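Peer 1: Residue numbers (my numbering), protein chains in the order written: chain F, 2 to 348; chain H, 2 to 348; chain E, 2 to 348; chain V, 2 to 348.
In case anyone wonders, no lab produced these hints; they're calculated from the structure. Don't take every hint at face value.
Where chains are identical, the list cannot tell them apart; a pair therefore holds if satisfied intra-copy or between any two copies.
What the hints assert, rightly or not - Below, a list of computed lysine-lysine pairs in the DSSO-like style, where the Cα atoms sit at most 30 Å apart: (1) K242 with K60; (2) K242 with K168; (3) K82 with K226; (4) K13 with K60; (5) K142 with K242; (6) K242 with K226; (7) K64 with K242; (8) K242 with K88; (9) K3 with K226; (10) K217 with K339; (11) K217 with K150; (12) K82 with K142; (13) K29 with K88; (14) K64 with K3; (15) K242 with K3; (16) K226 with K13; (17) K82 with K339.
In this text the structure is predicted, and so the values were computed from the model without any measurement.
Number of protein chains: 4
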Amino acid sequence: MKAAVLHQYDTKLSSPEYVTLEDVPEPKIQNPTDVIVRIGGAGVCRTDLHIVEGIWREKVDVKLPYVMGHENAGWIEDVGKGVTEYKRGDPVICHPLITNCLALASRRGHDMHAEGSEFPGISTNGGYAELLRTGVGSLIKLPQTLAPKDVAPHADAGLTAYHVGKKAARDLSPGERVAVIGVGGLGHIGIQVLAALCSADIIAVDRSEAALALAKECGARHLVKADEHQVEAVLELTDGKGAEAVIDFVGEGNSIDNGLAMTRNNGAYYIVGYGGEIRISAIDMITTERRIIGNLVGTYSELVELMELANRGRVNLATQYYKLSDANTALHDLHHGKVRVRAVLMP
Amino acid sequence: MKAAVLHQYDTKLSSPEYVTLEDVPEPKIQNPTDVIVRIGGAGVCRTDLHIVEGIWREKVDVKLPYVMGHENAGWIEDVGKGVTEYKRGDPVICHPLITNCLALASRRGHDMHAEGSEFPGISTNGGYAELLRTGVGSLIKLPQTLAPKDVAPHADAGLTAYHVGKKAARDLSPGERVAVIGVGGLGHIGIQVLAALCSADIIAVDRSEAALALAKECGARHLVKADEHQVEAVLELTDGKGAEAVIDFVGEGNSIDNGLAMTRNNGAYYIVGYGGEIRISAIDMITTERRIIGNLVGTYSELVELMELANRGRVNLATQYYKLSDANTALHDLHHGKVRVRAVLMP
Amino acid sequence: MKAAVLHQYDTKLSSPEYVTLEDVPEPKIQNPTDVIVRIGGAGVCRTDLHIVEGIWREKVDVKLPYVMGHENAGWIEDVGKGVTEYKRGDPVICHPLITNCLALASRRGHDMHAEGSEFPGISTNGGYAELLRTGVGSLIKLPQTLAPKDVAPHADAGLTAYHVGKKAARDLSPGERVAVIGVGGLGHIGIQVLAALCSADIIAVDRSEAALALAKECGARHLVKADEHQVEAVLELTDGKGAEAVIDFVGEGNSIDNGLAMTRNNGAYYIVGYGGEIRISAIDMITTERRIIGNLVGTYSELVELMELANRGRVNLATQYYKLSDANTALHDLHHGKVRVRAVLMP
Amino acid sequence: MKAAVLHQYDTKLSSPEYVTLEDVPEPKIQNPTDVIVRIGGAGVCRTDLHIVEGIWREKVDVKLPYVMGHENAGWIEDVGKGVTEYKRGDPVICHPLITNCLALASRRGHDMHAEGSEFPGISTNGGYAELLRTGVGSLIKLPQTLAPKDVAPHADAGLTAYHVGKKAARDLSPGERVAVIGVGGLGHIGIQVLAALCSADIIAVDRSEAALALAKECGARHLVKADEHQVEAVLELTDGKGAEAVIDFVGEGNSIDNGLAMTRNNGAYYIVGYGGEIRISAIDMITTERRIIGNLVGTYSELVELMELANRGRVNLATQYYKLSDANTALHDLHHGKVRVRAVLMP
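Whole structure, please, built from the sequences with the hints as guidance.
Peer 2: Structure, rendered in structure tokens:
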């Protein structure tokens with residue numbers, strides 16, 4: 002089958018071809034709970050660029066070459082002997098992990114922390130291909146109203162935004178404020194999730210006017226240009242004291258320092274984007290009693306919930322489509338800021 | 002009345018006399034809800050040294066000279082016209098804030114974040130004196146079994162340890178682990194609080210053998226010497242993955258880096274001690290989904306709960322007594338590591 | 002001043018005059034924290050009818066005659082010596098309790114359970130009058146956009162609906178369902194609150210087509226006629242298993258049995274209306290692991306949050322106005338089902 | 002193999018032989034995730050008597066004859082092809098459900114509510130036998146220190162007590178009170194669990210002096226004889242207002258009315274035992290804002306946590322052993338009050 006394969010890291014992202022389009026053997030059922038999914042769409046994610054850069058090299062155990070692509074949706078092609086719930090042709094979206102359902106963490110609902118899990122597209126072959134092997138435990142059946150290619154980016158981008166949005170919403174009451182830094186692929190979903198799950202006032206922060214306009218459509222109440230006055234602007238909107246929650250989808254450059262400066266006493270700063278460093282004195286953490294919260298993708302049941310929102314039109318995804326054979330174009334477009342929101346590869 | 006007054010900062014803590022013993026006017030009732038407390042004991046806290054150093058200068062709005070002392074207990078001396086619940090002679094411990102009970106934060110139970118509050122000993126005159134002015138809303142009546150001088154350090158040190166211990170305990174199940182870094186005045190209370198509020202295994206980390214012995218008495222299951230192998234030692238006790246919670250009562254030197262390295266994925270690092278800096282890359286926060294949690298003293302109702310534990314003998318305080326006139330000796334002893342656990346001044 | 006006074010109970014609600022319009026002495030400042038509010042509007046509540054019936058006689062300690070009216074908003078007329086936050090003319094809504102702010106329950110944010118509180122209109126003179134005495138701790142300043150007469154019913158009806166809606170929303174995820182039984186004065190607010198605080202599907206259940214039409218406007222997704230097929234209808238909408246949450250604003254007749262029958266395993270039934278009885282076998286509670294949750298008005302901070310929703314147009318109140326001198330007309334209209342949603346008396 | 006088989010219901014529990022000891026075919030592996038466990042011990046539970054009585058007939062879908070026994074521990078005998086985590090001879094305790102690990106409820110950690118699960122001993126063949134078929138997802142490996150026959154009753158009785166104890170402990174602060182009604186097989190574990198998970202004062206209520214003495218050993222602070230003065234006695238211990246939590250392990254006779262009368266405003270009544278009926282007026286639920294909470298066994302991860310407590314000696318089980326061939330003796334002893342705490346059958 003056709004697949005986009007990563008053969009070597011490219012720390013500067015300077016080569017014209019990050020991945021190679023080639024024929025690879027089709028994946029096979031290995032365990033009774035395995036399933037093969039025919040890919041309908043595979044999302045292209047900033048994390049894919051970071052993988053190419055080699056940033057993830059030390060974080061996961063993976064050997065090159067392998068097939069990238071961790072945001073996958075499609076139709077059931079084949080199932081293992083232990084699988085009775087799905088049949089060929091069923092449309093599905095795949096939670097990004099092949100979760101080890103027996104791990105204590107997954108028994109507690111913390112799928113992402115289950116030991117012995119695999120992560121297609123990150124630690125094993127992914128969905129920049131015609132077919133993908135995953136586990137029955139990662140599947141969610143799609144309703145008629147949602148086509149695989151249209152929801153694929155929800156498998157990671159959407160799920161990550163939902164996960165952090167749900168965490169933040171739990172602590173936000175009407176009259177409180179949440180600042181969202183970065184209204185791109187994740188941020189524009191995050192704003193819709195917040196608008197669906199709570200009534201806090203959403204303050205969107207971005208450098209681009211177009212992104213801020215999108216934020217408005219998604220449910221933001223206040224728009225702040227991410228220039229040198231952004232912290233003051235947020236403080237002005239929040240009685241000079243900052244927002245009860247700040248979600249940082251950028252996580253590099255000065256967004257971390259700004260994000261922390263926008264966070265009110267007794268509030269929380271959620272870090273989602275990465276590349277930068279958190280630096281803060283202990284006394285500043287203590288006198289303000291703030292929290293800094295890491296966020297890693299989301300759980301299976303959260304993806305179920307996100308699909309319910311999508312199916313009700315509460316969360317919409319802005320997507321750009323590319324052919325699988327144009328994977329490098331998509332990755333370069335993303336790298337050069339030409340993808341407004343979310344790119345999807347179609348085999 | 003006699004009082005120990007701070008006249009000037011001493012950034013190096015080099016002078017022989019940090020505070021001056023002198024006669025000052027007695028405090029007066031100013032508002033209908035004010036009370037005057039005759040001090041039975043006033044705890045001496047590392048924060049007092051930090052105040053002398055000037056570390057708090059920019060954090061609070063206070064003008065020198067003023068009377069230090071923020072851990073106070075004693076007996077009611079006088080009450081304002083709006084106070085009907087207390088009468089002269091009642092033994093009380095004082096929550097460290099004169100809380101603005103009308104602030105929205107305090108209506109939600111977050112006393113420490115109530116705007117318009119005063120902090121005797123930090124932002125206004127405190128309890129290194131014969132008499133203290135505070136508000137009726139900070140008082141907790143003591144049972145016969147608890148003498149003011151014996152519980153005074155609970156007003157801040159104990160309360161801080163209880164607050165963070167309760168936060169951590171809420172997320173800890175049997176079989177999980179909590180590492181406590183620093184078994185001094187706060188740490189030895191924190192261990193007792195954790196033992197009272199959950200059944201997680203407590204791992205005490207300290208440089209001193211005596212402190213570790215005390216930790217054992219307080220309820221620690223594992224003792225780790227805080228040397229260059231401390232992180233490995235904690236990892237060995239936790240399947241190589243770290244503790245679900247780490248409470249850092251030191252917060253300076255390498256304790257922060259060590260504490261973060263001891264924190265398991267999906268776990269929380271609680272910062273209580275200060276002086277140092279937190280530095281961690283965004284990607285490390287994200288792939289591990291850890292939380293960094295600031296902690297600031299505690300609420301009124303938490304001090305009520307701590308008194309209940311003290312009254313049942315579940316939390317015991319190791320104290321050393323000094324005369325008020327020996328305030329400088331107490332402060333120097335603390336500075337030079339001669340106070341094993343908690344010093345108390347008695348007028 | 003003019004006031005509507007209850008002189009005797011009327012268990013059958015058969016007399017033409019439940020209350021007597023008469024001149025009574027103006028309330029006076031008694032404590033430093035007291036305030037006098039000039040009434041702009043006083044909501045008329047089903048609980049007022051229950052008070053007339055004598056249902057509350059044994060529940061609270063009150064002696065007739067007294068002035069009814071527990072949903073009050075207006076303008077500051079006078080303040081006690083300890084009050085610095087408000088001045089004559091400030092528009093305010095009154096949390097229904099004169100909360101004892103020193104009680105441990107209120108320090109924990111559970112105002113309604115604070116011992117030593119008074120309840121104007123229930124346990125002492127209320128707001129069916131020109132002036133009302135309450136405490137500074139019950140006041141919330143209104144923004145320009147909200148007139149006292151327009152928000153008065155929020156003080157109890159709205160607050161109760163918000164309180165239970167917030168409790169329920171906390172446990173509801175997208176794709177889950179909440180059934181709301183009774184779309185009257187409280188129910189139509191409850192639906193708006195649920196729509197603001199979560200994305201669960203709202204199923205409105207009522208006997209009246211007009212009420213169901215209002216429910217739709219308020220944000221209900223499904224409408225169910227409260228006839229003999231109502232339980233089946235809800236089961237059909239919920240995979241045959243019931244709703245994760247059921248909020249019963251009726252609480253009499255067969256609404257309790259129906260409500261419990263509509264509640265899914267591991268779900269919660271919230272009881273708000275009253276008059277009826279809960280009857281269920283222990284084995285049915287256990288095999289289904291359901292919860293039955295009592296609900297009593299709401300907290301001060303919840304009323305603050307509700308005002309934020311009202312100010313943003315997220316919760317709108319349907320009201321009918323009466324002159325204070327027409328109090329009996331209003332009460333009779335309510336008793337005979339002629340008040341569509343919420344009646345308000347204006348002095 | 003030998004097994005104790007239920008052939009017919011006996012609504013009065015009047016026959017001498019509730020179950021028949023006979024040879025039945027050995028269970029076989031049916032699915033890749035199945036395991037066969039050689040029984041080391043099978044607990045005998047009051048629910049077994051209720052099954053014989055036919056109380057569960059309408060609650061579950063089961064056809065007679067079948068093998069009873071839902072509290073099982075032993076050693077791995079055989080495993081399906083999809084099982085790699087266990088090998089013959091491994092000592093295990095079995096969570097009582099063969100959980101459908103793909104169900105949304107189990108993905109959220111609510112195993113007991115996962116559709117498509119089986120319940121050996123209740124809805125299919127159980128452990129009153131030499132061998133038991135269950136699923137790999139129900140297994141917990143035992144440490145050397147815990148023998149199967151000694152922990153078997155934890156699989157249901159212990160787990161149920163842990164589940165409700167953990168729920169209650171989450172809301173209990175030091176100084177608050179929890180009343181435990183019934184100190185039998187479940188109650189004596191429940192008290193130990195509460196003592197391990199919180200510092201609330203435990204009030205044990207039982208008719209038997211021996212049971213109260215056991216309660217004392219288990220960690221109860223106050224002992225109350227379950228006579229006609231029990232409610233007053235509990236009120237006296239709780240400022241006349243009742244306990245913040247009441248756990249009713251009896252659930253029949255007057256224990257429910259008493260339990261509700263012992264529950265403080267804003268508190269919770271947990272129902273575990275069954276046989277009786279809950280009856281309370283809506284107005285009483287509302288003015289007191291109490292909660293009535295059903296409880297059904299517990300989750301897989303809770304059984305893991307309970308084993309950790311058992312392994313640390315924090316929860317000890319009082320057991321009486323019988324041969325499998327004496328199953329009827331054990332059941333009759335239980336029925337006639339001759340089992341002090343917990344009976345275990347050994348093949």
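Peer 1: Run every hint past the structure and note whether it holds.
Peer 2: Status of each hint after checking the structure:
| no. | hint | result |
| --- | --- | --- |
| 1 | K242 with K60 | between (37 Å within a copy, 14 Å between copies) |
| 2 | K242 with K168 | both (22 Å within a copy, 24 Å between copies) |
| 3 | K82 with K226 | neither (55 Å within a copy, 47 Å between copies) |
| 4 | K13 with K60 | within (19 Å within a copy, 43 Å between copies) |
| 5 | K142 with K242 | between (45 Å within a copy, 20 Å between copies) |
| 6 | K242 with K226 | within (19 Å within a copy, 42 Å between copies) |
| 7 | K64 with K242 | between (48 Å within a copy, 23 Å between copies) |
| 8 | K242 with K88 | between (55 Å within a copy, 25 Å between copies) |
| 9 | K3 with K226 | neither (43 Å within a copy, 56 Å between copies) |
| 10 | K217 with K339 | within (21 Å within a copy, 42 Å between copies) |
| 11 | K217 with K150 | within (25 Å within a copy, 33 Å between copies) |
| 12 | K82 with K142 | both (19 Å within a copy, 27 Å between copies) |
| 13 | K29 with K88 | both (16 Å within a copy, 27 Å between copies) |
| 14 | K64 with K3 | within (20 Å within a copy, 53 Å between copies) |
| 15 | K242 with K3 | neither (54 Å within a copy, 39 Å between copies) |
| 16 | K226 with K13 | within (29 Å within a copy, 44 Å between copies) |
| 17 | K82 with K339 | neither (44 Å within a copy, 49 Å between copies) |
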